[in-house]
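Novice: Residue-level listing of the chains:
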Amino acid sequence: MYQYNDKDQTLIDERVTQFRDQTERFLKGEIADDKYRALRLMNGVYVQTHAPLLRIAGPYGLLSSKQVRKLASIARDYDKGFCHFTTRQNIQFNWPALERVPDILEELASVQMHAIQTSGNCLRNTTSDQLAGVAIDELEDPRPYCEIIRQWTIFHPEFAYLPRKFKIAVSGSQQDRAAIRFHDIGLQLVKNDQGEVGFSLFVGGGLGRTPVIGQIVRPFLEKKHLLSYLEAILRVYNLYGRRDNKYKARIKILVRETGLTEIRKQIEAEWDLIKDKLELSSERISEIQQQFTPPAYQANAAQDTSYADNSANNADFSTWLKHNIAEHKVDGYHAVYISLKAPDSPPGDCTESQLDAIAELADQHSFGMVRVTHRQNLVLADVKQADLFDLWKKLDALKLATPNIGKATDMICCPGLDYCSLANAGSIGVAKEINEALDSMDYIHDLGDLKINISGCMNGCAHQSVGHIGILGVDKKGVEWYQITLGGSSENDAAIGHRLGPAVSKEDVTSVVKTLLEVYIEQRINEDESFLATVRRVGIAPFKEKTYATH
Amino acid sequence: MQLIKDKQVTQDNWAYIVDETPLKADYIIVSLVRWQQEREQLSKVKHLGLRLESDVELDEIASDLSHFQLIELYIPVFTDGRAFTHARLLRSRYGYTGDIRASGDFMRDQVFYLNRVGVSSFELNDQDNAQQVIQSMSDFSVDSQESVA
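As you go down the protein sequences, you meet chains A and B in turn.
Last residue of the first sequence? That's 1470 in our numbering, and every number before it is there in order.
Last residue of the second sequence? That's 170 in our numbering, and every number before it is there in order.
Any given hint could be a false lead.
Said to hold, decoys possible - Some chain A residues near chain B, calculated using beta-carbon distances under 10 Å:
| no. | residue |
| --- | --- |
| 1 | 921 |
| 2 | 925 |
| 3 | 930 |
| 4 | 937 |
| 5 | 947 |
| 6 | 951 |
| 7 | 952 |
| 8 | 988 |
| 9 | 1072 |
| 10 | 1074 |
| 11 | 1076 |
| 12 | 1079 |
| 13 | 1153 |
| 14 | 1157 |
| 15 | 1194 |
| 16 | 1197 |
No lab work stands behind these hints: they were computed from the structure.
Using N, Cα and C, we set each Cβ at its ideal position, and we do this for glycine too.
If we strip away everything but chain B, and leave its shape as in the complex, we get:
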């Protein structure tokens, strides 16, 4: 797994912990269900991230956002554009300033848009060419409407 953060290739310290398995890592990402069930215990974790699926209602977690250093938007299939709205609202409506990470089935040709709506890191497959992905974030040097980035 490769990671791009703020347009740089970096080491990924974070690990997604599958539900009902032990929280054995320093930087852990959990599901929304797990967060809701184990909120008290998880609140004590120093480096906590939250994975959101594309059917999430952001209002439900709005008041919890300060617990998370990272929000992972998991894209189940590249045609599902809901994460684009989620990222934008996390930044512009909910004032989230931590790292927003895109994971799952997105493609290089979408990172320009994702970057503009406020996604700050991208989880890549091993076969992706990270430099090309970074380059694609600048496919366009101009734009015609407001955005977060």
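Chain A on its own, in the form it takes in the complex:
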């Protein structure tokens, strides 16, 4: 894991001082509301329905056990005992008092954390694959590049007041687990014909009101040009991105209105002027790579196969093994998913006692590290197989072992009307109802891979437009209604879901979802055909017909 040097630490310490001063000036009435709004947003502070929300950066989703313990203590001391993990690998607290936010920042700074640029019209947290460094389908660990980008983005003086927010994601694997095609810039590590590793760059992807799949602006970029190319894209965007309408201000609109060919021409022209001045040296890259060296794996970890016996004798453990672990590039190790989607808990939430326990488990079983996934779960990435049974028992006792990763009840869900002042409709309640309706684990497993994403408004924080089933809350004359989409995906086969038909009422959402699942079971060729594959093969029609005939 990257360890801050003196400069990094000084920067975030000085930020605490600066934000404390800004907040004090605001509370004394010395900063106008609209100006303080911009300042607090750039520090992740939203004003919500009940209290300010504080969003803390989780750089590419990587947290140390020490940092997780700090989150637990903040949850206890400043919040109501829990936090929420977001789709961009960040951490949110829902109940801090504004005047105490500077104190929280000071606590965070003591463990190399901050809330800088977690909101606002600026360069946001860089996200990545939760299996970075351990994935079997990985070309190269993307995290060193994420860290290089993190350092470049933090307080970038030229790009601090962009037309709109700007999100970057990096993936090093064949299977995209970081939704890179739905970021303003998505970077994919690729190998060219000469066997050289560099980046393929997607630009102009995004979700929200106008979901757009990113397009390749450059198929291969040498590593040394990473920052100059990013700078060229950002400069073109800062100068020409629309500022007259916030709903048309993302780079995806600039790309659409300018055209990919023309925008590429502009970016490349800009890049030509700066690429030699802003080269990333191979020494610099390896210096950062040194901070992401693999932990001390045991050479004989594969020899202990006791977990197989335990699996044969324990159906629950066996089910969990099947659904909640991922293969690891080192023999005898696995990556373990911690499900934050227990039936009775809001998706992505974690209590302070769970956080403390997770930190402890990370220390015991996974070299003290925890990762956050973009589907709002956690991962212990380096667990020896000999530890799996013990770890499962502990996770199960903590209600963190629901065997549902990538399944129907592993829903992405935004805070919705319960917390968010932008929301038009509830989302946590809908997730809960669907969970209650899908109470049979066997049925959930029979449904196979299924991504249900629920957003409480068209800003789409829960990525409903790329859900296999997307549920979007809308307000119709003060009543909560839900639009359903089918067939979206945020992975390699990126697609935006198609609308099923007219919105359905809150009372009907759960039964509509049940109907959709019944249609899938009827229509699928066999158990190996996933929900998404079936929707793509048969189209929306059979789903639509049954839904609106029934409801």
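Based on these hints, arrange chain B on the given structure of chain A.
Specialist: For chain B alone, coordinates are given in the frame of chain A:
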């Protein structure tokens, strides 16, 4: 109106001359439109400054920069970050070494960034506390990327 130049509070000798009004001052700042229309006459002015709006295309004035002792970047609203790019390019690409002044709707909490991209003077409102603004230019003693300043 107060002015900070090179981190000092100073007297502002410059006056922006509204288009189509007489050029009655020793240190005058004109709009780009006026410069383009009255180029010949303005070239004779001893102390000339140019005000750029945030939608300017810098390439269009690149070859004229030697005429100006001062470039004023007028920020219409504090959320409009185009001037940040303009300042940086004026310094790093076009080699402009005169005074770059920020005016309009910027706030104290932005001067750290503006200073780093090459803005050398700041036009303040009367209610601004100039010493605090100067102090904010040093909100951070370290940085993570290249800049002009």
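Novice: Each hint: holds or not?
Specialist: Hint check:
With 10 Å as the threshold, the beta carbon of residue 921 (chain A) stays out of range of chain B, its nearest partner Cβ sitting at about 13 Å, so the hint is violated. The interface hint given for residue 925 (chain A) is met, as the beta carbon of that residue sits about 8 Å from the closest beta carbon of chain B, less than 10 Å. A cut of 10 Å between beta carbons decides the hint on residue 930 (chain A): the least distance to chain B is about 5 Å, and the hint holds. Given the 10 Å rule on beta carbons, the hint for residue 937 (chain A) holds: about 5 Å separates it from the nearest Cβ of chain B.
Annotation: residue 947 (chain A) was flagged as interfacial toward chain B, and the flag is violated, the nearest CB pair being 13 Å apart, outside 10 Å. At about 9 Å, the closest approach between the beta carbon of residue 951 (chain A) and any beta carbon in chain B falls short of 10 Å, and the interface hint on this residue holds. Annotation: residue 952 (chain A) was flagged as interfacial toward chain B, and the flag is violated, the nearest CB pair being 13 Å apart, outside 10 Å. With a cut of 10 Å, the hint placing residue 988 (chain A) at the interface with chain B is violated, because the nearest CB-to-CB distance is about 27 Å.
Below 10 Å, beta-carbon pairs count as interface contacts, and residue 1072 (chain A) has one with chain B at about 8 Å; its hint therefore holds. Given hint, residue 1074 (chain A) at the interface with chain B, holds; its Cβ is 7 Å from that chain's nearest Cβ, closer than 10 Å. Restraint check, residue 1076 (chain A) versus chain B: the minimum CB separation of about 4 Å is within 10 Å; hint holds. Satisfaction of the interface hint for residue 1079 (chain A) is found here, the shortest Cβ-Cβ separation to chain B being roughly 5 Å, below the 10 Å cut-off.
Because the beta carbon of residue 1153 (chain A) sits about 9 Å from the nearest beta carbon in chain B, less than 10 Å, this interface hint is met. Satisfaction of the interface hint for residue 1157 (chain A) is found here, the shortest Cβ-Cβ separation to chain B being roughly 5 Å, below the 10 Å cut-off. Annotation: interface hint on residue 1194 (chain A) violated; nearest CB of chain B at approximately 13 Å, more than 10 Å. This hint holds: residue 1197 (chain A) has a C-beta 7 Å from the nearest C-beta of chain B, less than the 10 Å allowed.
In this structure, the hints that do not hold are numbers 1, 5, 7, 8, 15, in rising order.
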